[in-house]
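Undergrad: Residues per chain are reported as follows:
Number of protein chains: 2
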Amino acid sequence: MEYSKKTRVGFIGLGIMGRNMAGHVLAAGHPLAVYNRSRDKAAELLAKGARWCDTPGDVAAQSDVVITMVGFPRDVEEVWLGPDGVLSRARDALLIDMTTSSPELARRIAGVAATRHCEALDAPVSGGEIGARDAKLSIMVGGSEQAFAQALPILKLMGTKVVRQGEAGAGQHTKMCNQIVIASTIMGVCEGIAYGQAAGLHLPTVLQSIGAGAAGGFQLNVLGAKIIDGDFAPGFFIEHFVKDLGIALEEAKAMELELPGLALSRKLYARLIEQGHGRLGTQALYKSYGARA
Amino acid sequence: MEYSKKTRVGFIGLGIMGRNMAGHVLAAGHPLAVYNRSRDKAAELLAKGARWCDTPGDVAAQSDVVITMVGFPRDVEEVWLGPDGVLSRARDALLIDMTTSSPELARRIAGVAATRHCEALDAPVSGGEIGARDAKLSIMVGGSEQAFAQALPILKLMGTKVVRQGEAGAGQHTKMCNQIVIASTIMGVCEGIAYGQAAGLHLPTVLQSIGAGAAGGFQLNVLGAKIIDGDFAPGFFIEHFVKDLGIALEEAKAMELELPGLALSRKLYARLIEQGHGRLGTQALYKSYGARA
Chain A
95 MEYSKKTRVG
105 FIGLGIMGRN
115 MAGHVLAAGH
125 PLAVYNRSRD
135 KAAELLAKGA
145 RWCDTPGDVA
155 AQSDVVITMV
165 GFPRDVEEVW
175 LGPDGVLSRA
185 RDALLIDMTT
195 SSPELARRIA
205 GVAATRHCEA
215 LDAPVSGGEI
225 GARDAKLSIM
235 VGGSEQAFAQ
245 ALPILKLMGT
255 KVVRQGEAGA
265 GQHTKMCNQI
275 VIASTIMGVC
285 EGIAYGQAAG
295 LHLPTVLQSI
305 GAGAAGGFQL
315 NVLGAKIIDG
325 DFAPGFFIEH
335 FVKDLGIALE
345 EAKAMELELP
355 GLALSRKLYA
365 RLIEQGHGRL
375 GTQALYKSYG
385 ARA
Chain B
95 MEYSKKTRVG
105 FIGLGIMGRN
115 MAGHVLAAGH
125 PLAVYNRSRD
135 KAAELLAKGA
145 RWCDTPGDVA
155 AQSDVVITMV
165 GFPRDVEEVW
175 LGPDGVLSRA
185 RDALLIDMTT
195 SSPELARRIA
205 GVAATRHCEA
215 LDAPVSGGEI
225 GARDAKLSIM
235 VGGSEQAFAQ
245 ALPILKLMGT
255 KVVRQGEAGA
265 GQHTKMCNQI
275 VIASTIMGVC
285 EGIAYGQAAG
295 LHLPTVLQSI
305 GAGAAGGFQL
315 NVLGAKIIDG
325 DFAPGFFIEH
335 FVKDLGIALE
345 EAKAMELELP
355 GLALSRKLYA
365 RLIEQGHGRL
375 GTQALYKSYG
385 ARA
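So the protein lines, in turn, are chains A and B. The first sequence runs 95 to 387 under the numbering used here. The second sequence runs 95 to 387 under the numbering used here.
Hints are computed from structural coordinates only; laboratory data are not their basis. One should not assume that every hint holds.
Where chains are identical, the list cannot tell them apart; a pair therefore holds if satisfied intra-copy or between any two copies.
Claimed, not checked - Cut-off 25 Å, straight-line C-alpha distance, at most; resulting in silico cross-link-like pairs (SDA-like, lysine to any residue):
hint, residue 1, residue 2
1, Lys381, Ala319
2, Lys255, Asp323
3, Lys320, Gly109
4, Lys230, Leu120
5, Lys230, Phe312
6, Lys100, Asp325
7, Lys347, His296
8, Lys99, Lys337
9, Lys347, Glu171
10, Lys347, Pro328
11, Lys361, Ser382
12, Lys347, Gly222
13, Lys100, Gly375
14, Lys255, Gly370
15, Lys230, Arg210
16, Lys142, Gly176
17, Lys230, Gln369
18, Lys337, Gly372
19, Lys99, Glu198
20, Lys135, Leu251
21, Lys320, Met349
With the hints as extra help, turn the sequences into a complete structure.
TA: Structural data, given as structure tokens:
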């Protein structure tokens, strides 16, 4: 595949993240074919000139580059490996899964892709809705150097930090590192704030002191400030985060690696889902702490 | 007390932090009286014009402002409330404990100080040796507004961020918030890196991707980079950190607040001390994780 503005791109999965990302590809002038489980989410892209396809396979049949951004590993499996999936029709194409999914599945997909004369990349992102909207995602890529070089101009339409992390699966593994760090960090942020609340401190003043020091970072300074404001609206859904933590724990187990902080964080989050909080933002972990004011 | 360059300052506790901090006070032109358990650590300050005192009480007897920066709460108790302690001789003085210590002890000291016509502040710091050396500490202060206003010119000699957090004990409580956030954050950093190591990723490249996103912060970007370099030298000793976490857990228990992330982190650190790693830096928590390369 030789990259040009005429390179035909297919985009599958038009949720909050996907439709923002696909919008940048369309805006750059690429012919864009799209598919989504529910068609209504494609409306804005179709109005701007994207073409609708009835199946992932149809998208693949008319694209040089296919990008997927769906929900869970089971969705990835269906969209890629299912009867009407991408790999049922793709031929000499560059295939990129940007869903946060299992490294094992990423390697499996890359194997099948090779039998179809295709190259596959796993390229999960970090940066959330704002990063997707502003094309400022961090994109962590696994796959061959050659496929990475081909994909770079398109990935650069969506992200500012696009880094190849290694062979197939390495993008997903890197995303797992990211989620594992966050899993315990947000727990520390919630516990520190719960303590300050219980101790009767003025929390915005506390944040002023501790946000600038060794405790500081995105989780404390951005999500901690939201917690203090009582704002639990989702930047990133708890139910998606728990999916990621489950993948990470499973992979860690397969590597005989014990990660007790991750296990604890996942347990607390799973309890919040049971309590009906799965569609709140990850900072709602704060609700796990019975701070007495 | 009316502050001027002639205000006589006493400084007790001349470890790595204390002697750097006392140096700034001396450099600003204040007459400085000093005491330390072992005299040799005072040598540099004495050469620059500080006066040696044989007991904390002697320091207090000849100072308008007394500052202490010692190790453990039991040291604070001895230096302040012991037979030759600060409060045995202080009179109409401003007394500031900058040790990270128990909020309960801070309130007790403030009570005794009041009976000696003294004002006491608890003013623990964050920023470590570098912050102390460069006079860029974050200082979290508990005590009366009036005492805080009096102390401010002197505290500003040592720190850039000097914030009153409330009445006696509030400085210590704020420092506990700081340590509680860090306790789980560093655990997340170690687990994320251990996972990446086990998955065979190139860790500096991983840090490039994840350090700029939602996982980013001091613990990942500074201490995580040290872990990747195999550098476990102390910026902050594990044995001091475990002391802080113990105080935090005790206070949380008294408030009937459960903090499982903090408890887990402390357990992992306590094990490292048993294994003889107490004088390594906090990032050596990484040694808890049996990552297979």
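Undergrad: Determine for every hint whether it applies to the structure shown.
TA: So, going through the hints one by one against the coordinates:
1. Proximity of Lys381 to Ala319 under the C-alpha cut-off of 25 Å is restricted to the intra-copy arrangement: shortest distance 15 Å within a copy versus 32 Å between copies.
2. Proximity of Lys255 and Asp323 under a CA criterion of 25 Å is satisfied inter-copy only: 23 Å between copies versus 31 Å inside one chain copy.
3. Taking CA atoms no more than 25 Å apart as the test, Lys320 paired with Gly109 passes inside one copy only; the shortest distance there is 24 Å, against 38 Å between copies.
4. Only within a single protomer do Lys230 and Leu120 lie at most 25 Å apart by alpha-carbon distance; the minimum there is 16 Å, versus 49 Å between protomers.
5. With identical chains, the CA atoms of Lys230 and Phe312 are at most 25 Å apart both within one copy (16 Å) and between copies (22 Å).
6. With identical chains, the CA atoms of Lys100 and Asp325 are never at most 25 Å apart, being 44 Å at best within one copy and 50 Å at best between copies.
7. In this assembly of identical chains, Lys347 and His296 lie within 25 Å of each other by CA distance solely across copies; the values are 20 Å between and 42 Å within a copy.
8. When the C-alpha separation of Lys99 and Lys337 is checked against a cutoff of 25 Å, the pair qualifies neither within a copy, at 36 Å, nor between copies, at 61 Å.
9. Taking identical chains as interchangeable, the C-alpha atoms of Lys347 and Glu171 lie at most 25 Å apart only when both belong to the same chain, with a minimum of 22 Å there against 47 Å between chains.
10. Neither within a single protomer nor between protomers do Lys347 and Pro328 lie at most 25 Å apart by alpha-carbon distance, with minima of 29 Å and 31 Å respectively.
11. Proximity of Lys361 to Ser382 under the C-alpha cut-off of 25 Å is found in both arrangements, the shortest distances being 11 Å within a copy and 21 Å between copies.
12. In this homomeric assembly, Lys347 and Gly222 never come within 25 Å of each other (Cα to Cα): the closest approach is 27 Å inside a single copy and 36 Å across copies.
13. Taking the closest pair of Cα atoms, Lys100 and Gly375 never come within 25 Å of each other, the shortest separation being 39 Å inside a single copy and 55 Å across copies.
14. Taking CA atoms no more than 25 Å apart as the test, Lys255 paired with Gly370 passes in neither setting, with 35 Å inside one copy and 41 Å between copies.
15. In the homo-oligomer, the alpha carbons of Lys230 and Arg210 never lie at most 25 Å apart, since the shortest distance is 32 Å inside one protomer and 60 Å across protomers.
16. In this assembly of identical chains, the alpha carbons of Lys142 and Gly176 never lie at most 25 Å apart, being 29 Å within a copy and 78 Å across copies at closest.
17. Proximity of Lys230 to Gln369 under the C-alpha cut-off of 25 Å is found in neither arrangement, the shortest distances being 34 Å within a copy and 44 Å between copies.
18. Taking the closest pair of Cα atoms, Lys337 and Gly372 come within 25 Å of each other only inside a single copy of the chain (11 Å); across copies the shortest separation is 36 Å, beyond that limit.
19. For the identical chains of this complex, Lys99 and Glu198 are neighbours neither inside a copy (33 Å) nor across copies (67 Å), given an alpha-carbon limit of 25 Å.
20. In this homomeric assembly, Lys135 and Leu251 come within 25 Å of each other (Cα to Cα) only inside a single copy, at 21 Å, whereas the closest approach across copies is 59 Å.
21. When the C-alpha separation of Lys320 and Met349 is checked against a cutoff of 25 Å, the pair qualifies only between copies, where the shortest distance is 24 Å, while the shortest distance within a copy is 36 Å.
In terms of the numbered hints stated before, the structure departs from hints 6, 8, 10, 12, 13, 14, 15, 16, 17 and 19, listed from lowest to highest.
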